[in-house]
Amino acid sequence: MLTVVGLIFIVALIAPWIYRVLQDKAGWVLALVPFSSFLYLASFFPEIAAGGSITQSVTWVSMDLFEVNLAFYLDGLSLMFGLIITGIGTFIVLYGSGYLANHAYLPRFFTAVLLFMGSMLGVVLADNLISIFVFWELTSFTSYLLIGFNHEQESSRKAALQALLVTGIGGLALLGGMVLMGFASGAWEVSTLLNEGDIIREHPHYLAILLLVLGGAFTKSAQFPFHFWLPGAMAAPTPVSAYLHSATMVKAGVYLLARFHPVLGFTDTWMMLVGGFGVVTLLISAWLSLSFTDLKQILAYSTVMALGTMMMLIGLGTELAMQGLAVYVLSHAMYKGALFMVAGGIDHEAGTRDVLKLGGLRSLMPISAIAAMIAALSMAGIPPLFGFIAKELVYEAALGANFWAVGFITLAVLANIAIVSASLIVAIRPFYGPKTETPKKAHEAPFLMWIGPLTLAVLSALFGLLPFIVDSKLMVPVASAVWGSELDFYLSLWHGINLPLILSVVTAAAGVGVYFIWDSIRESAPMKVYQMIFARFPVQVYESLVNGMLNLAGFQTRVLQNGLMSNYLITIMVAAIAAVGYTFFTKSGVIFNPDVSEVQIHEWAIAFGIVISLGVMLFFTHSRLTMVVAAGIIGFGLALIYLMHGAADLAMTQVLVETLTVILVVLVLIHIPKMKESRSILYNSRDAIVAIAMGTLMTLLIFAVTAVPFDAFISEFYADASYPLAHGRNIVNVILVDFRALDTMGEVVVVAIAGLAVYALIKMTRAGAEKDVKK
Amino acid sequence: MESVNELLTISPIVIIGFAGLFVMMLDAFTGNARWSFYASLFFCLAALAGAVQNVLGPTGTSFYSLVYYGGTASFGAVLVLTGTLFSLCLSKDYLEQTGNHIAEVYSLVLFAAFGMLLLVQANHMIVLFLGIESMSIALYALAGLLRDQKKSVEAALKYFLLGAFSTGFLLYGIALLYGSTGSLALPEIAEASDKGVMYWAGVGLLFTGFFFKVSAVPFHMWTPDVYQGSPTTVTAFMATASKSAAFVAFILVLSRALPDTSQQWQEVLWIFAVFTMVIGNLLALVQENIKRMLAYSSIAHAGYIMVGLAATSGAAYSAVLYYLFAYTLMNVGAFGVVAYYECHKNCDFTEIKNYAGLGFKKPIMGILMSVFLFSMVGIPPFAGFIGKYRVFAAAIDEGLISLVIIGVLASAISVYYYLSVLVYLYMKEDETGMVMKRPSTLYSLALIILALLTIYFGVHPGLLTDFLGSFYSVTW
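Here the protein sequences line up with chains S and A, keeping their order. Start counting the first sequence at 9; every next residue gets the next number (this note's numbering). Start counting the second sequence at 102; every next residue gets the next number (this note's numbering).
One should not assume that every hint holds.
Straight line, CA to CA, 30 Å or less: simulated DSSO-like cross-link-like pairs of lysine-lysine [to be verified]:
1) S/K771 <-> A/K251
2) S/K166 <-> A/K462
3) S/K771 <-> A/K454
4) A/K463 <-> S/K166
5) S/K166 <-> A/K529
6) A/K462 <-> S/K33
7) A/K296 <-> A/K538
8) A/K454 <-> S/K166
9) A/K463 <-> S/K33
Anything over 12 Å on all C-beta distances counts as not near chain S; from chain A, calculated [claimed, not checked]:
10) D128
11) F312
12) T451
13) K463
14) M466
15) S512
16) E530
Computed footprint of chain S on chain A; a stretch qualifies when at least three of its residues, placed anywhere within it, have a C-beta under 8 Å from a C-beta of chain S [stated by the list, open to error]:
17) 275-281
18) 301-309
19) 517-528
These are computed hints drawn from the structure, not numbers from a lab. No residue lacks a Cβ here, since even glycine has one placed at the ideal position from N, Cα and C.
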């Protein structure tokens with residue numbers, strides 16, 4: 009299986025070259041790739057039908073914490089999805105080469121669609137949780153490329169980004185869920201995880217896991233309230249919509265929940281969340297499909313409805329629901345793929361997709377008309393088509409629900425009424441009735457474009473008439489895989505006259521009724537409001553969220569990053585005060601009890617002098633010179649304190665450094681433009697508060713430091729060693745010129761260099777002044 | 102013989118220190134910047150070989166326990182030198198094309214690298230401080246390299262003033278730690294039993310100093326200005342080598358000097374990691390200049406790395422080392438592509454909106470940029486994904502689940518701004534009709550190697566991750 013996925017990826021990358029060589033024939037050659045994969049997967053039929061499963065594994069990343077194996081797991085469920093992906097994929101490649109013939113980006117289409125196919129196949133076949141996530145995100149990304157295929161159009165780009173953001177973020181939620189699941193059970197392989205259901209369900213993180221996984225699945229499968237991206241994604245070329253947005257990618261969420269149903273399912277939370285969201289989506293989108301006239305929009309909302317149905321079935325979690333799910337997924341892939349392709353054909357040949365502008369195409373496009381009719385009837389659930397069996401099972405499952413059965417069946421019937429009339433709109437409106445003027449002169453689509461829909465439509469009829477072809481071989485293994493243990497059932501068209509059949513008749517009749525009054529329903533005010541609330545509003549919420557984030561970021565930039573050095577400094581200081589202060593006060597239980605009795609009156613005087621200078625600096629001056637001088641005074645004050653305590657050398661250094669600094673700064677100041685006069689009291693107060701906080705913190709630090717008992721080790725060493733080793737009686741002198749002579753030299757050098765800088769600056773200033781004079 | 106062996110333990114430092122002086126002299130006597138370039142490349146390779154040899158060898162301390170070699174420290178040296186080497190490879194063309202080919206660049210880069218190497222191998226606070234300062238002073242000068250451009254001068258001044266300010270914090274922190282523990286050697290600080298006020302004040306200030314160097318929010322303000330104002334290849338050097346060095350030193354301080362109190366300082370890292378990830382990503386969203394965008398993205402990356410530091414386990418530290426490696430590859434690469442575009446003078450290629458349609462004009466450059474950006478987003482199969490995954494997984498293992506959730510959400514934001522560059526490259530039409538130059542062989546070769554490494558370590562990370570895990574004898 010690795011070979012299959014790998015082969016698709018490799019062919020995807022060389023597709024442009026293949027196209028360059030083969031030109032028009034490239035579609036046929038490239039279609040061989042999904043087709044051979046289809047045959048390869050089909051070769052597993054006997055084993056799967058016998059109830060077996062297949063695991064293949066190649067170690068990819070072996071890391072201490074976990075192993076990412078390129079492991080593949082094939083059972084009924086993945087086989088069905090694999091067959092859908094490769095089978096419909098074959099037709100899509102052919103269809104695409106016809107639809108986009110002569111399009112400049114055709115090679116790019118092949119690459120992207122094959123990349124997508126490989127990723128999608130990866131999602132359904134992968135056994136390892138991490139690989140599933142990897143492939144999952146790859147499908148989001150490749151679908152981004154495909155939706156934005158016509159990238160000259162702003163709307164295409166927007167839709168592509170919207171789809172990517174919604175599904176990509178959902179994918180991250182999924183990653184979270186999977187990682188939690190992996191850690192909770194210790195199993196990273198789906199095949200082993202399937203047996204760990206009880207551990208997961210009883211794990212304290214069960215709810216978190218469930219919500220995260222559902223977040224991934226609901227966004228991908230366009231469940232309410234994330235349903236808006238799918239109709240938006242119709243900006244993609246039709247082959248893409250047919251493939252990604254009906255048959256495969258949007259079903260990834262369904263696949264995921266079906267896959268994990270044995271692990272996460274069977275709880276009340278699961279049933280209510282999955283079933284509830286499913287049924288709400290089902291109802292809302294079914295009727296939304298009637299509010300549009302664009303074929304692709306109608307089909308898109310009916311797809312959302314189908315996805316809702318699948319979710320509901322997964323949520324119901326009964327044996328019947330599992331059977332229904334298996335049949336529904338398969339039948340939906342076939343009829344919806346066919347209908348999308350037909351819609352694309354109409355668009356391609358007639359130049360419009362608006363049903364109001366189409367009519368009477370039956371004689372011009374007979375094959376398309378037949379395909380559309382069969383597929384649409386299957387979608388409407390009319391016997392003897394496969395869709396009928398599917399819908400019967402859905403009704404039976406809804407009736408047999410363990411909870412809210414009446415609610416489920418009512419909503420399902422209501423939704424299906426809308427779907428019946430939507431199918432009629434799609435199948436009848438464009439093909440019957442009076443001929444209309446279309447932008448292009450319509451004629452039958454080329455062979456490449458009708459072979460796909462026709463085959464799928466015929467298969468829908470075939471499976472409906474002869475359901476035993478698929479039931480025991482495929483449907484039973486699928487339903488068993490979702491259920492978690494063996495199921496046994498068979499499919500048939502005729503179940504006798506029972507409640508589901510009666511409901512089907514009611515649905516069909518009501519649907520036809522709705523079809524006839526569709527024009528007035530569509531234009532009615534309630535429908536407009538309905539459309540506004542459920543189709544437009546979610547998009548607006550999404551847009552305002554995205555814009556809101558951008559605005560927030562912009563606001564932050566203005567506040568935090570406004571280019572003013574003083575603001576940067578203030579922020580840093582505040583953060584430092586907060587960080588150090590926090591650590592300081594929470595991590596230490598020291599009570600501050602400074603002893604000030606020994607402080608002399610003149611020391612107080614100096615201290616106040618310093619404080620006053622600070623005040624002058626902060627509040628009462630707009631002149632930089634005054635500030636520098638005030639800062640200098642503080643320095644000299646400190647030097648005085650040193651001197652009083654007998655540290656003459658320290659005082660000396662302080663005076664020297666302070667003098668040099670003041671001179672340096674003053675010399676630099678000459679070159680700097682004048683300060684703005686208007687510094688508001690608010691700014692000054694802010695600065696003052698920060699400064700006082702900083703000062704307080706530092707003072708407290710000093711107290712804390714002085715509170716620690718003094719280790720006399722070093723002073724004793726110098727006192728003992730000064731005379732015998734250095735022959736000096738003044739310890740300070742000895743330290744300066746003997747023990748630490750190199751340090752002293754370093755200090756002298758620094759002061760000298762600073763002096764040189766002062767000299768250079770003075771010279772520069774003089775030269776500058778002379779230049780000014782000359783001017 | 103003894104002293105030769107000791108010298109070998111710091112061979113990268115010796116080689117790069119000598120190289121700095123040599124290149125400076127070479128310039129003085131020949132005045133030919135090309136010679137300086139080739140000489141720097143040669144020495145860098147030699148130093149890298151030395152570092153690789155050390156990283157494969159045993160761990161230990163030398164020079165009276167002042168330096169630490171092998172393991173994390175020597176891997177730090179490998180990180181620094183990888184960043185330096187590749188930034189150098191890109192520098193010559195870029196500086197020549199933009200008309201700033203000054204030979205001093207090379208000696209300054211080498212002096213900065215010397216400081217970084219000292220920093221990563223420090224086993225003693227004084228050596229650490231010397232490293233940080235030699236690195237920073239050289240970087241201040243590099244930031245102001247384009248003296249005739251206002252932005253560059255402004256950036257250098259801001260960087261210098263804020264940097265000097267934070268150095269004060271760092272030094273004060275070191276002094277207080279010395280006061281409370283009686284030693285400056287990292288292992289001896291860990292041994293001290295007294296964890297009083299002074300200790301905590303010291304730790305707080307030390308953290309503040311480190312936060313500034315790794316540009317954690319809210320000490321990040323200098324980053325975008327400096328990254329924008331400096332020549333792009335120098336920015337690549339600053340963004341990768343200096344950040345890796347600071348983080349490796351931070352790991353060594355945390356794991357070797359402060360292991361006993363990890364419970365307490367973990368919270369601090371937690372808070373700052375959240376700020377850094379969220380604000381870094383949010384601010385990156387609105388940038389229109391690609392260098393500023395990459396600056397904020399590097400801040401966001403620092404946030405993810407801090408998640409790893411907050412996890413404080415051996416697994417997390419080795420994950421961070423892996424992350425730094427991936428980070429170095431993809432960032433030098435991305436800046437390299439930007440620098441290539443910038444060589445075309447008639448259009449301002451630091452503005453993202455001018456990237457319209459470039460992806461098709463020079464397909465290879467477009468693919469390279471895509472690889473680097475995807476890796477930054479953390480999309481498999483690129484190295485960035487494995488890095489992010491391992492860091493987050495290690496944090497989950499330590500029970501920091503809410504922190505990881507914030508991290509994942511923040512990185513979800515990042516998808517938007519990285520991909521918007523790709524949208525411009527591939528999905529908008531070019532209107533200028535400019536003809537793009539051909540990059541030189543060395544230039545494209547360097548970028549292609551970076552991209553291949555990014556892919557290789559994304560597809561096959563096992564070798565490196567197992568090796569990095571062995572530093573902390575992590576066996577899961």
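So, going through the hints one by one against the coordinates:
1. Pair hint S/K771 plus A/K251 holds up; C-alpha atoms about 24 Å apart against a cutoff of 30 Å.
2. Pair hint S/K166 plus A/K462 holds up; C-alpha atoms about 24 Å apart against a cutoff of 30 Å.
3. Among the hinted pairs, S/K771 with A/K454 is inconsistent with the structure: their alpha-carbon atoms are about 46 Å apart, more than 30 Å.
4. Proximity of A/K463 to S/K166 is assessed by CA-CA distance (about 25 Å); at most 30 Å being required, the pair is judged to hold.
5. A threshold of 30 Å between alpha carbons decides the hint, and for S/K166 with A/K529 the separation of about 12 Å falls inside it, so the pair holds.
6. Between A/K462 and S/K33, the direct Cα distance comes to roughly 28 Å. Compliance with the 30 Å bound is thereby established for this hinted pair.
7. Among the hinted pairs, A/K296 with A/K538 is inconsistent with the structure: their alpha-carbon atoms are about 61 Å apart, more than 30 Å.
8. Distance check on the hinted pair: A/K454 and S/K166 sit about 16 Å apart at the alpha-carbon level, within 30 Å; holds.
9. Of the supplied pair hints, the one linking A/K463 and S/K33 holds, its CA atoms being roughly 29 Å apart against a limit of 30 Å.
10. Every CB of chain S is more than 12 Å from the CB of A/D128 (nearest about 22 Å), matching its label as outside the interface.
11. Remark: the non-interface label on A/F312 conflicts with the geometry, its nearest Cβ contact in chain S lying 8 Å away (cut-off 12 Å).
12. No Cβ of chain S comes within 12 Å of the Cβ of A/T451; the nearest lies about 17 Å off, and the non-interface call holds.
13. Non-interface call for A/K463 relative to chain S: holds, since the shortest CB-CB distance, roughly 17 Å, exceeds 12 Å.
14. Distance check for A/M466 against chain S: the nearest CB is about 18 Å away, which clears 12 Å, and the non-interface claim stands.
15. A beta-carbon of chain S is positioned within 12 Å of the beta-carbon of A/S512; the least distance is around 8 Å.
16. Interface exclusion of A/E530 from chain S breaks down, the closest Cβ pair being 6 Å apart, not more than 12 Å.
17. A stretch counts as covered by a chain when three or more of its residues have a beta carbon under 8 Å from one of that chain; for the stretch 275-281 of chain A and chain S the count is 3, and the coverage holds.
18. Counting residues of the stretch 301-309 of chain A whose C-beta lies closer than 8 Å to any C-beta of chain S gives 7; at least three are required, and the coverage claim holds.
19. Proximity of the stretch 517-528 of chain A to chain S, defined as three or more residues with a beta carbon under 8 Å from a beta carbon of that chain, is established by the 5 residues found.
Going through the hint list in order, the structure does not satisfy hints 3, 7, 11, 15, 16.
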